[in-house]
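Below are the chains, spelled out letter by letter.
Protein chains: 2
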Amino acid sequence: MRLKILWPGKTKSKQIKDLQDLYIQKISHLSKFRLIETRASKGIDEKNRHKILKIESEGLEKYFNRDYIICLSNNGKEIDSREMAQMLREKEMHFPYSVTFVAGGFLGLSRQVLDQAHFVLSLSRMTFSHELIRILLLEQIYRSLTIMKGKNYAK
Amino acid sequence: MRLKILWPGKTKSKQIKDLQDLYIQKISHLSKFRLIETRASKGIDEKNRHKILKIESEGLEKYFNRDYIICLSNNGKEIDSREMAQMLREKEMHFPYSVTFVAGGFLGLSRQVLDQAHFVLSLSRMTFSHELIRILLLEQIYRSLTIMKGKNYAK
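Residue numbers (my numbering), protein chains in the order written: chain R, 1 to 155; chain S, 1001 to 1155.
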């Protein structure tokens, strides 16, 4: 299985970036994996939501190809870690293209992007900063891979 | 309001510890706050679950006093960030002692500790490592405080 993650722009918080790199390293030992930090909207006033989301959406969609698209959203479906591992295992067996996780910027994902998702996933009922969500996503992907490989992952 | 967090032992992952320190710093600007890393069970084989949990429970309970105890557990109740802010606001107005969050070690919390909770909170349906859960908890506390103070917190 090839795994891909897309999100707009680089992670700015140094501490979050360091933790991100650690999980990426762990994931890379277990799966073909690629993180693509797509085009971020720079220098546009936050009031101009529509324009920011449009730029980011176009940046993300470029990489969708024929992938199985899993978008993160607060309004998505909550599943537990075993269910997520099961979903990935099923794709590994039957789906020939990449499984691609898509996380939004600080405004989240546009309706247009969400409409293209095969699955909309919520990691928590709580709201986390969009940079911290990246860590939660990476940890769950890593955890899923360890479950799939039958490893014992630290609790 | 005085906030307290209890968990057994220090955070070992350097990257998680750095992020933890960052959130603690942010929280300390907004509230009276104390993190107490209670006694951890060292050198006991993981098979001896009961013994580990007993040592950790005793270490945690020492600090319960007359506090409002919120324990973290996978089997707890999920609430959203606004509901959490509301719960803390209500305590700030009507409860004279500390609000104390309690997170477990890698085996979670014992039945005995959970039974003393006034509220059992689940941060996600998914399972996260017990060290990463500390970050999620700190971020939610920080977010709650910013909501309570009517600040705009970065999404």
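Take the hints with a grain of salt, since some may be wrong.
Simulated crosslink set (DSS-like; lysine-lysine; CA at most 30 Å straight-line) [said to hold, decoys possible]: (1) K1062/S x K1017/S; (2) K10/R x K1062/S; (3) K10/R x K1014/S; (4) K32/R x K1017/S.
No lab work stands behind these hints: they were computed from the structure.
Structure versus earlier hints, numbers of those that do not hold, lowest first: 2
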